[in-house]
Amino acid sequence: MTGAPVYEALGQALDAQQERLLPCVHCGFCLPACPTYNRLGNEADSPRGRLHLMQAVVEGRLEPSSEAFRTHIDRCLGCRACEPVCPSGVEYGTLLELARETAAKAAPQGLPTRVLLKVLGNRALRSPFFFIGRLLRGTRLAALGATVLPSYGPLRAGRLVLAMLASTTRWQPMASGDAISGNTDSGSDDVSRRSRVAVLLGCVQEGLFTRINSATVRVLEANGYEVVLVEGQDCCGALHAHGGDLERARMLARTNIRVFEASGAEFIAVNAAGCGAAMKDYGTLLEGDPDFVQRAEEVALAVRDVSEILASSGPRIGASIPCKIAYDHPCHLLHAQGVEHAPITVLEAVPDAEVHIVTDAEECCGGAGIYGITHPELGGLIGGDKVAAVRACLADAVATPNPGCMMQIGAGLRLEASNEGVIHPVELLDESYQRAGFYRVRGAE
Amino acid sequence: MRVDLTDSLSRLLPEEAFGHSVPSSLWTALRTDVETVVAPGSAEEVATILKWASEMGVRVVPIGTGAHTYPRYPRDPFIVLTTSRLNEIQHYEPADLTMTASAGASIRDLSTEMATHGQWLPFDPPDVPNRTLGGLVATGLSGPLWAGYGQLRNHVLGATIVCGDGRALRLGGKVVKNVAGFDILKVMVGSRGELAVITSVTVRLFPLPVVDRLLVLEATDVSELVSTARAVATAPIMPASIILSATSDGGRLLVRLHGARVSVEADQKSLEKHTGVSFEVRNTPEAESLLVQERGSGIDTELVVRVWALPSRIGVLLDLLKQVPGVSLNADVYGGSVRAYLPVNLSDIESSLAGLQKDIEELGGTIRVLRIPAEVDASSYFAKPLVDEGELAAGLKRAFDPHAVLWGIE
Amino acid sequence: MYRLLEKTDEEPVASLLTGKVSSGMTRPLPSTVVSDLAKIVGHEHVITDPDRLLVYESDGLTAYRRPPRAVVLPSSTEEISAVVGLLHSNGIEVIPRGAGTGLSGGALTTPEGVIVGTARMNRILKIDVENRIAIAQPGVINARLTEATNPYGLYYAPDPSSQSTCTLGGNVAENSGGPHCLKYGVTARYITGLTVVLAGGQIVEIGGVGRDPYATLDLVGLFVGSEGCFGIATEIELRLLPITEGVRTLLGIFESVESAGRAVTKIIACGLMPAAVEIVDGPTIKAVEASVFAAGYPLEAGAALVIEFDGTEAGLDLDADRAEQCCLEEGAIEVQRATDPEHRVKLWRARKKAFGAMGRIAPDLLVQDATVPRTKLPEVLAGIDDIGNRYGLKIANVFHAGDGNLHPNILFDRQNQNELELVERASKEIMQLCVDAGGTITGEHGVGVDKRKYMTLVHGPAELEAMAAAKRVFDPASLFNPGKVLPEVEVKGATDTAKILATGE
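Protein chains in written order, with our numbering: chain A, 1 to 445; chain B, 446 to 855; chain C, 856 to 1360.
Derived from the structure by calculation, the hints contain no laboratory data.
We put the CB at the ideal spot given by N, CA and C, even for glycine.
The calculated label-pair distances, taken between Cβ atoms and stated as ranges, are: (1) A/60 with C/897: 29 to 37 Å; (2) C/1184 with B/676: 38 to 46 Å; (3) A/251 with C/1270: 30 to 38 Å; (4) C/1006 with A/148: 41 to 49 Å; (5) A/356 with C/1270: 50 to 58 Å; (6) C/1184 with B/537: 23 to 31 Å.
All chains should be modelled from the sequences, with the hints used to inform the complete structure.
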């Protein structure tokens, strides 16, 4: 056994999760829900198979550093489509994170993963990183690169990254909403005053999708919510947890818990499905931290996807935007949070926007963080099926409330030279409100 | 072929086993003038007979009523084994909807008993008016009601059999769901006694329908009838049976609906809407006599063939068959089979059948001769034993009847 | 002469129940065989890494574990034929596997076996609307066939509880049932033809709609339910049914499981033909209500009876009224009726989620399966209750009451060695009880490896030899899924099997 002491430390992480592993009765209901199993047919690439490998590690029958364990744990998209179909309620997502941590400690992860997790978890590094991203996007170098780089060989990953970056540009038919800045009056005289809401700004959202954050604030205000800006908040830690860097994820979680509980907000609105799912799981993430677990659970209870908040009060109806929108479920909203209809309710608050659910919308788009880069073959296969399903809708734009999915689907469409835009549902509602004149810049009259 | 049994076999069996008679048509079909029949009174006696036959090198032809005779006769010495003395109801539990009876019990008698409890066995294959339970299972025929009730083989829950070498086996059980071991029972259903003699059978019964409605459509244009029949077979409701009978002059479509009055009425409406025709309704007893007539119409015909094809091809086959002068046809439009009752005055039966076979095979169907006049020796068309069709069937024959004692007839 | 049951000189199967785990190394395949397999199916579809093979060490019955020597995942009949031919010519045993959801250990490998999985054979090859048949590869998931045929107004009737994940090939092997087979029958009724790969790789076609079924023996009927011991079905022709117009679902709450059982008998006896009749007993209701799957059943209920009618819309209310009357006459506390899909799902919830819910309340669960004549249900249930009390084990019953198919679930904790012993003994007593009542040891889960020890309760040596003979016809060298279904010859110790062997000589 290589590095017995190391192994023991690692074994413990999963071992402590026996209670979570045991409910798995090996029934196999998760198999057809799993995008990797569906395409590969190997049970080691199914949720049941991965749980079995985890169990084998706990039982000391399998090395966490083994190629089999690392490969198959790594190859999971983390889409958690297996959770709703599990009759025994196995908490697969949590176990996966622990397995990833176990695997990562047993053998270092690939360079791109390590670099990305380091950068995203650190504000000082994050800011120049996304600045370069915005520069490439703004100068259209990203778009150009995605066109000229080859779709094979070592530059393939670069091509995908640039296409993802290029796809974060705003859907053209929408007015330049970024122009709205400063204090807005939501014209909400006729809207009843509602609770205080804090907004998670996130790392990728803040870096590449500031317009979605702005739209979130405006739309909430237009529906009567009092939005408080929470200083000192950080990346939610989702990507770190998924990547097996649970320590950094816990560190980020503690930071967020401190600032959000101090904000006095009743709800924490999250506009990225992955972040929302992670924050709703803060209690589990910090269950080994007696000082924080209670606080984590309370903060987690306040977390809502922005669509949940809007749907619960029935969003105000905005102005007409005649268009056809294809909606795709982010896995971390549908499977991890169980939110199915709320984002559609948001889209339906836009008169004349015709919403179509993408065929097999419940299946992962293959985005899964940086999956497309780390697993180009399989990620491409899964992404290809999603892009085909989106294109089959013949829609003007595809809406999906998660930045990773937006970039993955957006890149796929771009690389196929397909013209659909990619939007967050809140963006469309925001545009609709703007056309309705809900936002009058104060003092402009 | 001559077999003198009185000596060796009579010492092994009680007197009651001898002196029984069978329909004379059987002897004609079997081409024999030595009429040797043995009627065992128990499964043990069946075993005694089969062991004796194995030792003596005598073949055994097991029969139920002996009325339905597949024209394939043994050339070695043989005896006929009738199950007529095995005729009691062994177990009937109406609340379980199951009945166990000896193989020789007549379906008619069993049905009378079932009816007193509002139950029945919904299988009514044509031609033989009063089959035995064992005979029904041995032929495996379900009759047209399988459209609504599924095939007979799925409702035979258990059986006791005696294999060709005298081994007695108890197969299946008394329960509807049973997967304890390989399903040998299934191969016994429809095995015509080639593998074993069936001595008792447990069947699943059904509640008698509250309403049994017969919808009738008569027409001179058979093609039109066929398309209506196919429309019925592909309708969203499932009739209990769909029978189409035809001659060159026209035909009749009989559709049976079973269920509560309201649902039968709704089903009729939906069928009429789906097919665009309106049916005449016949009620019992008129309906009953029509069905009996339909079932028994060909009983005396000496030349009968059965044609199988995909159900969607039935129309094409009927178009072909109705051109045979004097033919009478009876089609299971849902399952895809046609019985053709052919006139025996066909000038040359052998070449006519050969021609028919060629045409039918060209249309994607298969033909099998069920009955043929004794004087015709058309062995190439009908003398195919069940078990020569492939290694697997032959292997099973060897496994259950290692000395090839049993000679199955249909 | 009783010679069928070849002794496999294996160690006892490692068992979670006994706390033992197979630790011995599996003998790797010769490298030439591996490379030849890779030539047939592609190297990525031949799994030989011992670590990866761990995930194939169990099917849905985790009490038995043993990793195969390799797993091969072919994608066509021709590939399966070549793979089977190659393995058999090397004397290597073939263990067919679908989704690995079986509950009798049917897909457990032998020490020398190679698993041939059908996961990649998941295409529906043909839907013939006019003749109401479909042809599917064996890896197609049961529910997918119904989804694919629904647009044509058709569906595939057999609906095992695992239909969202189990494969049609597995259904053929196990002759699977399901709640609605009360009215519609089990898998065997719907399989009309098969393409089968036999020992040595020979491809044969048996049955088929449009071919004269009376021209030969019913080989399809024999193959269905042969648990992978005869060959691998590589193309399956299935009969489809038209979607029924309407559905009525009733939920009757009873004080005792006996009164619910009597209501079932009454419903069937009065001539009704329900599509499904299911009972969930008191302990199960408590388990479900305590879990995340709570369905709102009253906790004090002794049993819940789910009855479903389907068919022509017009007759359904009448049927439902009569069934409701039967329930009330037998003392039902209340009867609910659903007409819309949402309410129907709610009434079914406790039944469908029962196993998962029990998995949450007890560390371990043994799902048993046996069938008794319907009229014997009350006495058999009382007997099971008595067995549970005597052994101090909690037994919860969830079952297909309409056709007498019981699923007594024994709850236990595998850490407790003493309890394991009791579970084993209680199981055997339950089997004996069911057999004595005129029933059988398995209604739908199959014999596999787990119930071989009970086969002698229902079959004598002659019957077992006949089954073995049938297997030899299909698989003379016994290379397909050996060590399943038929009980093993026990050389050591005077077991029941050995006694039977003695009399069979």
